[in-house]
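S.K.: Residues per chain, in single letters:
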Amino acid sequence: MLDLLTPFFRRLYDETGWNFVIFYEQYEWDRFVAAIWVSLELIVASLFFSLVVGIVGAWLQGSPIRAVRLFMSGYIQFFRNTPPYVQLLFFFFVLGNFTPKVDMGGYYEPMITSFGWAVISLSFFAGAFNVEIFRAGIEAVPESTREAAESLGYSRLMAYVYVILPLAFRVCLPSLNNNLVNLLKTTTQAYAIAVPEMLYTLNQVWSDNVNVPEMMIILFVYYVGLVAVLVWGMHRWERKMKIPGYG
Amino acid sequence: MNETPKNGLWTPDQPMVSIKDVHKSFGPLEVLKGISFDVMKGEVICIIGPSGSGKSTLIRCINALNDIQKGSIKVEGIEVNDPDLDKLELRKKVGMVFQQYNLFPHKTALENVMMAPIHVLKQDKADVEQRAYRLIKKVRLEGKETSYPGELSGGQQQRVAIARSLAMNPDVMLFDEVTAALDPETVKEVLVTIQELAEDGMTCILVTHEMGFARELANHIYFTDRGVIVEHGPPASFFAEAKDPRTQEFLSQIL
Ligand SMILES: Nc1ncnc2c1ncn2[C@@H]1O[C@H](COP(=O)(O)OP(=O)(O)O)[C@@H](O)[C@H]1O
Ligand SMILES: [Mg+2]
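Listed in order, the protein sequences are those of chains A and B.
Residue 621 in my numbering sits at position 92 of the first sequence, with consecutive numbering throughout.
Residue 233 in my numbering sits at position 250 of the second sequence, with consecutive numbering throughout.
Please note: incorrect hints may appear among the correct ones.
As the list claims (entries may be wrong) - Facing chain A, from chain B, some residues (calculated, C-beta under 8 Å):
no., residue
1, Leu48
2, Leu71
3, Arg74
4, Met79
5, Phe81
6, Gln83
7, Asn85
8, Phe87
9, His89
10, Met98
11, Ala99
12, His102
13, Tyr131
14, Glu134
Claimed, not checked - Which residues of chain B face chain A? A few of them, derived with a C-beta cut under 8 Å, are:
no., residue
15, Asn46
16, Lys75
17, Pro88
18, Val103
19, Gly133
20, Met151
Bear in mind the hints are in silico, worked out from the structure with no lab data behind them.
In this text, a Cβ means the ideal position worked out from N, Cα and C, and glycines have one as well.
Take the sequences, apply the hints, and build the full model.
M.R.: Shown next, in the form of structure tokens:
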């Protein structure tokens, strides 16, 4: 791969001064490829867990137990009304301080890595919005549909899983789409706690090579591409979920 | 048989549904003010009455969609007015069909029929599927198995809803004005389905304004107004001898 790119980018640099060093130096290329993986893992894990938080949270929000509902609204208020950047720092520096360290054979490592904290923090951040999004979708499912399930013997949980959630999903896919795009972009803030994702890595590259504009271009193109893939996937999903003769 | 102790005492010669002095309020509004009647196995009961008289509420109390404040409702010996009521046990015995069909719009007709036996009763999927095909056929919707509710007419949806209830093998069926939302042409196809069910011996409690249907099929008709049973009797005497002015007025409007 790099062999193919090298001649062009080296000549570009020699002739114009545009320095895309990641495409012609093995060391920088390796850093770049590693960053792709880290950022993809970070994005996929955060998307996934934020959906889990949203689904479970929306269920808990409908709980008959008042304390559970209060806890949920506290959670949502906290994560919605504070900056995700601060949340990330809080999780890593404050909560990270309290997590036990594990013996790695002579030296000690924190049980949760900065990558782990980023996933946790971002999932809870986006999850708080997902809870609200799912709740709106759930409220759009008519009470009569719920009663039909109930009269067929469905428990509250079974009705949620098999009837309410699949219908609610369809209603909330557009707003879910927005929130997940937002989450994808917010993953770059993991930079603050030194997760070697794309922004963090390219920042190192431009510090070493003094090529900020070039690396900025790479960053923009990279995220535009990722968002395009996510939006494409969400639209496909939306089309696949479309029910003939409904909505 | 693993009968629960609560309904262990019930035998088919006793009323399948026994309603005694049922009172139901929504806040300060008392909607049912002491309703009592019995339904024997295989009987068809029609409940009629003006809008707002509490017919839906009564029928919803029978399968515990609404709770009651006073009185007793027993289905095959299971006391519905019991904080420890096993709702699943009750709902296995009682099927319900709603005015607005309330099908699951994201599932095909066949899947609508199959869902509850698979999810709730944990029955084998292949068996359930076979049975679902038979039920779809029974309600005369062959060929519509893969249609979604949104692609079916009101009458067709209502028949899927009936098949969906029947898939749970209930002993009693509750019908709450199931033809009220339908076009006049499609009312008949749904009534025919219910008639066939009744003729097969299904115990049915119907809220209906279809007097022709009630006259022909009901064993007993109850006229309710403002939360009480005003008058009742077998169709022949009910229609011929209605004495209460409220009943007479209602019948004159509807017939
Ligand atoms: N969930 C509810 N909360 C408050 N009032 C209700 C509720 N359901 C029904 N009611 C009231 O109870 C009365 C009887 O309603 P309903 O049983 O639907 O009558 P019917 O089916 O005979 O038309 C009406 O006055 C109605 O407004
Ligand atoms: Mg009604």
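S.K.: Have a go at the His102 of chain B hint: is there a Cβ in chain A nearer than 8 Å to its own Cβ?
M.R.: holds, 6 Å
S.K.: Does the nearest C-beta of chain A fall within a distance shorter than 8 Å of the C-beta of Met151 of chain B?
M.R.: holds, 6 Å
S.K.: For the hint on His89 of chain B, does the least C-beta distance to chain A fall short of 8 Å?
M.R.: holds, 5 Å
S.K.: The hint names Lys75 of chain B as touching chain A; please verify it with the least Cβ-Cβ distance against 8 Å.
M.R.: This interface hint holds because 6 Å falls under the 8 Å limit.
S.K.: With a cut-off of 8 Å, does the beta carbon of Phe81 of chain B approach a beta carbon of chain A closely enough for the hint to hold?
M.R.: holds, 6 Å
S.K.: Using Cβ atoms only, decide whether Arg74 of chain B comes closer than 8 Å to chain A, and label the hint accordingly.
M.R.: holds, 4 Å
S.K.: Per the CB criterion, is Leu71 of chain B less than 8 Å away from chain A?
M.R.: At about 5 Å, which falls below the 8 Å cut-off, the nearest Cβ of chain A leaves the hint on Leu71 of chain B intact, so it holds.
S.K.: Can we keep the Gln83 of chain B interface hint, with Cβ of chain A closer than 8 Å?
M.R.: holds, 6 Å
S.K.: For the hint on Met98 of chain B, does the least C-beta distance to chain A fall short of 8 Å?
M.R.: It holds, given that the least Cβ distance between Met98 of chain B and chain A is near 7 Å, below 8 Å.
S.K.: Can we keep the Ala99 of chain B interface hint, with Cβ of chain A closer than 8 Å?
M.R.: holds, 4 Å
S.K.: Going by Cβ atoms only, is Val103 of chain B closer than 8 Å to chain A?
M.R.: Where the cut-off is 8 Å and the nearest Cβ of chain A is about 4 Å from Val103 of chain B, the hint holds.
S.K.: Given Tyr131 of chain B as an interface hint, is the shortest Cβ-Cβ distance to chain A below 8 Å?
M.R.: Status holds, d = 5 Å.
When each numbered hint is compared with the structure, no violation occurs for any of them.
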